[in-house]
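Protein chains in written order, with my numbering: chain A, 200 to 304; chain B, 400 to 766.
Each hint should be verified, as a subset may be incorrect.
[To be verified] Residues from chain A that face chain B, not an exhaustive set, calculated with beta carbons under 7 Å:
1. A211
2. A233
3. A235
4. V247
5. A248
6. T253
7. A257
8. L258
9. R266
[To be verified] What the simulated footprint calls covered on chain A by chain B, stretch by stretch (three residues with Cβ under 8 Å from a Cβ of chain B suffice, anywhere in the stretch; the number is not a length):
10. 214 to 220
11. 226 to 232
Read the hints as simulated data drawn from the structure, not as lab findings.
Backbone N, C-alpha and C define an ideal beta-carbon position, used for all residues, glycine too.
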Amino acid sequence: MTSHALVRRGRAAAAAILAVALALTGMFLHARAAGARRRAEQPAIDAVARRLPTSDLALSGGSRWLRAPSMEEPTAAFADGPATPDPDPAGAMMAPVDDPGRRPR
Amino acid sequence: MVVGLSSAVLLFAGVIFLTGSLRAEAARAKVAMPDILVQRLVGGRPRTIGVDEKAKIQLLPSVASVRPRVWGYVFLPALQGNVTVVGVDADRAALADLGGAIGEGRDLAPREKEMVTGRGLARFLGLRVGDELALPSAERNAPSLRLVGTFASSVDLYTADVLLCDDDDARAILGVPPGEATDLAVRVKNPEESRVLARKIADLLPGARVIDREGLERVYELAYGRRAGLVLAASLPALLALFVLAWDRLSGALPEEKREIAILKAVGFSTGDVVRVKILESFLVSLLAVLAGIVAAYAWVFVFGAPGLRAALVGWSVLYPEAPLTPAVDVADVLAIATSIMGPYLLVSVVPAWRAATTDPMDVMRA
Chain A
200 MTSHALVRRG
210 RAAAAAILAV
220 ALALTGMFLH
230 ARAAGARRRA
240 EQPAIDAVAR
250 RLPTSDLALS
260 GGSRWLRAPS
270 MEEPTAAFAD
280 GPATPDPDPA
290 GAMMAPVDDP
300 GRRPR
Chain B
400 MVVGLSSAVL
410 LFAGVIFLTG
420 SLRAEAARAK
430 VAMPDILVQR
440 LVGGRPRTIG
450 VDEKAKIQLL
460 PSVASVRPRV
470 WGYVFLPALQ
480 GNVTVVGVDA
490 DRAALADLGG
500 AIGEGRDLAP
510 REKEMVTGRG
520 LARFLGLRVG
530 DELALPSAER
540 NAPSLRLVGT
550 FASSVDLYTA
560 DVLLCDDDDA
570 RAILGVPPGE
580 ATDLAVRVKN
590 PEESRVLARK
600 IADLLPGARV
610 IDREGLERVY
620 ELAYGRRAGL
630 VLAASLPALL
640 ALFVLAWDRL
650 SGALPEEKRE
660 IAILKAVGFS
670 TGDVVRVKIL
680 ESFLVSLLAV
690 LAGIVAAYAW
700 VFVFGAPGLR
710 AALVGWSVLY
720 PEAPLTPAVD
730 VADVLAIATS
740 IMGPYLLVSV
750 VPAWRAATTD
760 PMDVMRA
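Just chain B, same shape as in the assembly (with noise of 0.2 Å):
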């Protein structure tokens, strides 16, 4: 019955704990997104924005800057995926300075036809700092790009299909004209704020997809919910059927567990006071299970890297990233698998108690 017990639990504590570590992996690099962003919508598709656009938005009070980003995919055959391919504009800072994002190599330097890429994406291609690659392109000008650098494994949850390069190379590359950007990237002065310019900036400009923060956080809430969520309500049948067996189990006491009530009846327990002692039993045999399930559902994501559930949960991207899950283990989590395991558990065991503990001694001790 421990095992079970456990089994299920590190089943729930398994996806839990995944989700809840993406969930944390998201938010740790939350200074990526931007309070607004603006794109342009031709027949509910996404366009390229004019730059222009961005005079438009700052006039607008507590705007505190507006960034035209050009990025966009591009598609590898060699690689049968998409890599992301990120423009960035010659005020950058020095990633060197900072922290050691770059793990080999060094960083762009401005106006050099130079690219960084993620670890894996590098690997995959085959591609050493100082090795050349030439992306499928529709323009006739794009460059090859000389790989300097690539990023550290501290960063490649968010880096393994990345490509870095100088705005210029990367219009270029995706085939976005001079005077347009994939989109904006509005600042607002006040946080508060942003709805309302929100709104302020989609009346200005018909036609564009206006989100606010709240928005972009919300569908990384979502995405990763709906995909636990949908691998716990298919394990809800392997549950109820280990509650069923339980039920079984408890209720067909075997010989020697009914000559232990016999015994304790006849000196001098009462029914309520065997009920309670067995309650006490299912509650230990059950406690010692959860807690089991929760260290080895903590092992299975965050030691040995969740095999069998990281597939479902997250993907299998042929760049994938390789850097191990960090734990964000919420309290309230643990105590609600504990509880939607125990409870139940519990609550199929009283009446077996008590119908065990109802019986005559008597009969059990001639039996």
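Next up, chain A with everything else stripped away, as it sits in the complex (with noise of 0.2 Å):
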């Protein structure tokens, strides 16, 4: 390998690391500025949940009767055993066929 050849690998080695370095310091910064934002809207959090029935979040259960899954099945590690395929329609890539006439999602 000449020695150009190797001045140039070196310098693409360290234009990585540099790239890396600054995109991992732009990560930790934008952590620290949303943990901080969410930390501030921490009271209207506290104030609605205390009149939610449960703190469980209004994912996927709009169309099932599992809105809050930790009171609705609160013993269920799995429906039939360990392992097996997840039973709960939310853990799917793709919305099942829909009704005639719905729109889908």
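Combine both chains into one complex, guided by the hints.
And the structure:
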């Protein structure tokens, strides 16, 4: 390998390391700012949470009867046994076929 | 090779970041979680519970308060989904006083047939502050409710499908008769005694389902742990294929690399030195790939909202909260990802490095 090729490889490696270091710094700064923003919103979360029946998130519950899994399946680690496929339809890449006339998301 | 390793880290870290963020969000609202929850079961199915059971539980030592709650689901045909109707008792604190939980409009006024809804629900139904809505109900006297406010975006993850109204209105809409409640939320003076107290309540009310706080928290951990585990398990064959490719690539050294090793040996490097240098090279390559993958996963989940992954882990509800996810990255998770990718990669790089280092340098030079 020529000395030019070595220098080129060294420069490329240094540039890659610098880029990753900069990106990591940006990531930490972003995480810190987002965390501080969320902490500032905590009083609003507490105020609403006191009125809600559960701390369960409003995810994937709108079309099912499992809006609050902590209450509706309180002791179920799995529906039938460990390592069985997830029976919970929220855990799918695609929604099931819709009823006729309903616009799929 | 760097791109392949980074892609594997991207997938693994993306799943773990998203799961960690959702768990942290659920933990932020844990003030909503009662120490003990009492439901009535009939034939294994939940039924409403008598409010008079409150008095029996209240007599137990170390019970701080018992609150009958009225809440439930109403299926809206227009939405093709359920709305969570939550009744609020009259002695509640005003939301307006507390940190901007209301984004638009104002809080409920008692006994005025009003409601406050999540932003998504109001938007999906085309409701604006001041509009009235009649929810489908089995009760003839179910009132129409006037929208007086919507929740702020900061609480969207908890309220996207929620409709808050007075206890009496919730009873009428949900068909919960007076003297009955959906469940009883028990607060205890000493949380350490929750489990013992839960057992006492179960003895006191045969047929009731009594869940303590630990049980409530456990389900959430399991729900997301299970989904994340399945996504990661499905990705394992791809990771295995990557390591097979890495083995193939590293064992078939290029002529330029063979020549490089031969020169190192010719200038006095021992086989052990060459193996160490090659392992160091593999370490640096995999470290760079892991760091790049972690940064990419962070941007994927917390900057772009995890497109493609979010549906697999959190679902695809009609009323989908649009709030961005807040980073909750655990250093232990990052280290686990780095170890699970870098460890096998370094292992598959040792044998090819040793094989290349034991080749006679003269043979390579002559080739």
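> Which numbered hints turn out to be false for this structure?
Replying inline: 1 and 3
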